[in-house]
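Now that you have both chains on their own, put them together as the hints suggest.
The residues making up each chain are set out below.
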Amino acid sequence: MSEKVLMKGNEAIAEAAILAGCRHYFGYPITPQTEIAAYMAKRMPKIGGTFLQAESEIAAINMVYGVSAAGKRVMTSSSSPGISLKGEGISYLAGADLPALVVNVQRGGPGLGGIQPSQSDYFQATRGGGHGDYHMIVLAPASVQEMAEFTVRGFELADQYRMTAMILADGTMGQMMEPVSLDLHVAPMPEKPWATTGTRMQRPHNIVNSLYLVPEVLERSNFERYERYRTVEENETMYESYRMEDAEICIAAFGIAARVSKNAINAARAEGIRVGMIRPQTLWPFPSAPFRAAADRVRCMISVELSMGQMIEDVRLAAECRVPVYLCNRVGGMIPEPEQILAAIREAAKTGGNKQ
Amino acid sequence: MIVFQKPKSLADVPLHYCPGCTHGIVHRLVAEVIDELGIEGRTIGIAPVGCSVMAYDYFNCDMIEAAHGRAPAVATGVKRADPEHHIVFTYQGDGDLASIGMAETVHAAARNENITVIFINNAIYGMTGGQMAPTSLPGQVTQTSPYGRDVKQCGYPVKVCEMLAELEGPEYLERVTVNSVKNVKNAKKAIKKAFQNQLDGKGFSLVEVLSSCPTNWGMTPQKALQWIDEKMIPYYPLGVYKDRSAGTEVSK
Chain A
1 MSEKVLMKGN
11 EAIAEAAILA
21 GCRHYFGYPI
31 TPQTEIAAYM
41 AKRMPKIGGT
51 FLQAESEIAA
61 INMVYGVSAA
71 GKRVMTSSSS
81 PGISLKGEGI
91 SYLAGADLPA
101 LVVNVQRGGP
111 GLGGIQPSQS
121 DYFQATRGGG
131 HGDYHMIVLA
141 PASVQEMAEF
151 TVRGFELADQ
161 YRMTAMILAD
171 GTMGQMMEPV
181 SLDLHVAPMP
191 EKPWATTGTR
201 MQRPHNIVNS
211 LYLVPEVLER
221 SNFERYERYR
231 TVEENETMYE
241 SYRMEDAEIC
251 IAAFGIAARV
261 SKNAINAARA
271 EGIRVGMIRP
281 QTLWPFPSAP
291 FRAAADRVRC
301 MISVELSMGQ
311 MIEDVRLAAE
321 CRVPVYLCNR
331 VGGMIPEPEQ
341 ILAAIREAAK
351 TGGNKQ
Chain B
357 MIVFQKPKSL
367 ADVPLHYCPG
377 CTHGIVHRLV
387 AEVIDELGIE
397 GRTIGIAPVG
407 CSVMAYDYFN
417 CDMIEAAHGR
427 APAVATGVKR
437 ADPEHHIVFT
447 YQGDGDLASI
457 GMAETVHAAA
467 RNENITVIFI
477 NNAIYGMTGG
487 QMAPTSLPGQ
497 VTQTSPYGRD
507 VKQCGYPVKV
517 CEMLAELEGP
527 EYLERVTVNS
537 VKNVKNAKKA
547 IKKAFQNQLD
557 GKGFSLVEVL
567 SSCPTNWGMT
577 PQKALQWIDE
587 KMIPYYPLGV
597 YKDRSAGTEV
607 SK
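Protein chains in written order, with the numbering used here: chain A, 1 to 356; chain B, 357 to 608.
One chain only, chain B, in its complex shape (with noise of 0.2 Å):
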């Protein structure tokens, strides 16, 4: 009896990530997903710039590779193509998403555009080597912040979730983490959720995955998901943040 395998929708390659990072969990998650709900034959996925921007390699359904922070707006074009039939997911991190694409992003979900992002914020922009992102933690230490964020000189953190919350048009917000089995179960149920949705026509669903990047927060994999508990969920909390069809506006 097989117990446990490769999703069908994961690529058989050996990933490029780091060892320790949380990526491999979030790309295996979106896979599962895809396999359950027997959408790898009509879902094309964009890849955006950043660490995950050879995901067209990771996934065995059709992938674009978008422009930095223009996957929603490619994620659009894609999906009205063919409302009917195409499945549309981005998967992006916190400087695509909450940076260069911030436009992108909150127009989508003022457009309610029927699909499904999933955003990796692990507070740091990785495949650059380690500079401070939109969503660096005051006083973080980063390679351009490297005597630790400075409110009063560069701002702070974009709270995304709680940011497209105000807005009337996206279907489902939820922030979730994959840093202990409990939190990859329930980060699960939120991506399942995010297609489901897709899959009614409800409209854009975004799941926010607070994630590890030990490489450049100079930790050890395990001190990295100690590091979400202690530092990154106090300031982004966990939970659904707008649920349209439960009547869940902010839950926090």
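Bound conformation, chain A alone (with noise of 0.2 Å):
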């Protein structure tokens, strides 16, 4: 067991990013991830890395793709609003295949919203957010360790599957502190053969591009990616099941509305309810099995979100419709209370799954 050492969950993604072999970060200064650039711009420097404060999001996210574009692991982060002016070049950075880190530590919305904790970039996160095709890798951790673990995680699966993966975190997430063991096994960054580097007149020059003016040509280049979209599907989905051998409802969150659910499925329990949660991990690959084969087991599931009902849409695919699927929400910054949650498996102990 190795040591632990007491860090805000930002701290603990930026410290893991330059363990993972990131020496490239690149933002612009957003509530509430201030940290992680703050310890970026500490730590950089004195190991010959690059910390810049871009012009903008805009700029952070295409110094971004010209650092991935050299074949260098490199990050950005931000919150909510900032997230959407780096859709566009998330969106290049999918058309031209490149790997990066992007964290986006959620902030209610729409518009400036506020500074407080949300998950309502779910549907931006898991769907692309940009214009195209595309899916990023999206990660959401439920704990500072997780904050660490999946940051280097998201740099392996980016190098991997030439995608943009992306840390959903919230506020909570982000700002709160807990032990964590920095002890973290990294693997060997992949050959990059495609990477723009200078041809050092050794082999024909590489084009970074995301242009296809010939549609048949742009239409094979969407098929393949979606090929390679199949593989990370089936091999890369990750969750955590929580007391579900026995379940007659099952909960669905992520972050920290997993956290708190736990809470409420514990109380739950200590009442009789047998109920349970399937955590999802990775929200892009959605673990839509787990949800398939509970959808047989259980009269009903609950969707738990910081958000008007996103994710719900997503464990309503994976049911088949074969339960109800109710919402327990809170948004605009606000979190669900454990007790919220009881009621609600209270509610759905009661009527849950009589409905059909």
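Careful: at least some of the hints might be erroneous.
Claimed, not checked - The calculated lysine-lysine pairs, modelled on DSSO-like cross-linking and capped at a C-alpha distance of 30 Å, are:
1) B:Lys364 with A:Lys192
2) B:Lys545 with A:Lys46
3) B:Lys364 with B:Lys587
4) A:Lys42 with B:Lys545
5) A:Lys350 with A:Lys262
It is worth saying that the hints were derived from the structure and are not from the lab.
Just so you know, these numbers come straight off a predicted model, no measurement behind them.
In structure tokens:
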């Protein structure tokens, strides 16, 4: 067991990125992810890395595009309004099949919204967020330890599949302090023969590009990309199953919502209600299979979210209308209390599943 | 004896540019400079969105296609990825550099980012069919200023070199043109200096090239070259706007 240190979630992301070999960070100030940039600003100059405060989120993601094109591990971080600005660049990263890590420490929206925790960028993250057909690998940590581990995993997956990996955290995850082990295993970076690092007059020139004016060629590139996405779906889906063995009610929750839900589940179990939880750790690819399997066993599902009900659509799709799926939510920077979730569980225990 | 040949760093493919367009000349000058400095193997070029969007097919060095206006930010990333080895240039038009990418341009200059920027100013959006550009002249007729650019309604053209010269950051800013043999020779000197500055670690070097767009200006190639002399140069005077190492802050 390695030594644990007490860190904020945001700092754990930053340190884990450095441990993963990331030496280039670009960002623009926004709450509540500030500690990531502050940490990088302190550490990068000491280890020969680059911290650069960009003139905008748009510039930051395009600097990421440049470093990634040159074959190096690179990241940016922001919070919801800033991620919208990065949408253009993320689409270009997808179109050019460039790996990158993007961290979204979500805050309430829409618009300028607020600075308190939220999960209302779920659609944006899992559906791509920018224009065109593409996905990001979306990792949803629920502890400071996972903030660190998923950061490393994000870099690895990004390189392996030439995709953007996104850490979809929230203000709580970013700000909370927990003991974390930084004894993280990092897989060696794969070769990147496609990178634009100069030909050294030893190979034909590499081109990093997302423009295909011939529709047949563009179609083929989309088909090939989605073949790769299928491999990701098959191999990289992650979730935690919590007290699901005998569950009659299945909670769906990720991140902070999953932590609060655990308290409610344990309280409900004490009352004799058989409830469990499937906690997606990857939001894309979404762990549809365990929800589909659970749909044959449970009476109903409850999606606990800090949004107006976004993940609930994926839960319903996975459950294939076999059981009702209810929403238990708070929004705008509010977090559900365990009592609210417990009340939803009690209500579901009474009526849930009888509506069909 | 060979007296004239294609530069080695220019790909042996047909260019898609319209007859009479000066992009071809500027491509050639950039390629000649890359050859003469012997830097093809360590050069990474950034193509913009606009007429030169497919410049990535025309240079033999590694190339990256950037989002519209973002080339200086992409170039910043590439340069910072390996500052000792990478020689990075962007090749951008006026819409790309002076409109949608203005923030990226100004801040790359302010940071004195050690990159080379080739800025093609032809006072019009060419690729999309001739819309008013940030550098279209007062009164200039375009598809989106059909009665002539009305400065009361849509403001004045942006003078990029003059504007950037006000910043502490940039190393070298020069405006040239390629509408005569003499001017082409001067343009090449400027472009070579802009690359040499990067090799010497001096920082942000931008060469603005007043260029022609006969197609969208609705002129013959010859008339378009004259129009540069008659209309563009009076508004956009040629010359060195900043050369920090030479102690020239503003020469005009």
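Against the structure, the hints come out as follows:
1. About 26 Å separates the Cα atoms of Lys364 of chain B and Lys192 of chain A, which keeps this hinted pair within 30 Å; it holds.
2. Restraint check for Lys545 of chain B and Lys46 of chain A: not satisfied, since their Cα atoms lie roughly 40 Å apart, outside the 30 Å limit.
3. Among the hinted pairs, Lys364 of chain B with Lys587 of chain B is inconsistent with the structure: their alpha-carbon atoms are about 35 Å apart, more than 30 Å.
4. For the given pair, Lys42 of chain A sits about 42 Å from Lys545 of chain B by alpha-carbon distance, which is inconsistent with the 30 Å threshold.
5. Between Lys350 of chain A and Lys262 of chain A the alpha-carbon distance is near 20 Å, which keeps this suggested pair within the 30 Å criterion.
Of the numbered hints listed earlier, those contradicted by the structure are 2, 3 and 4.
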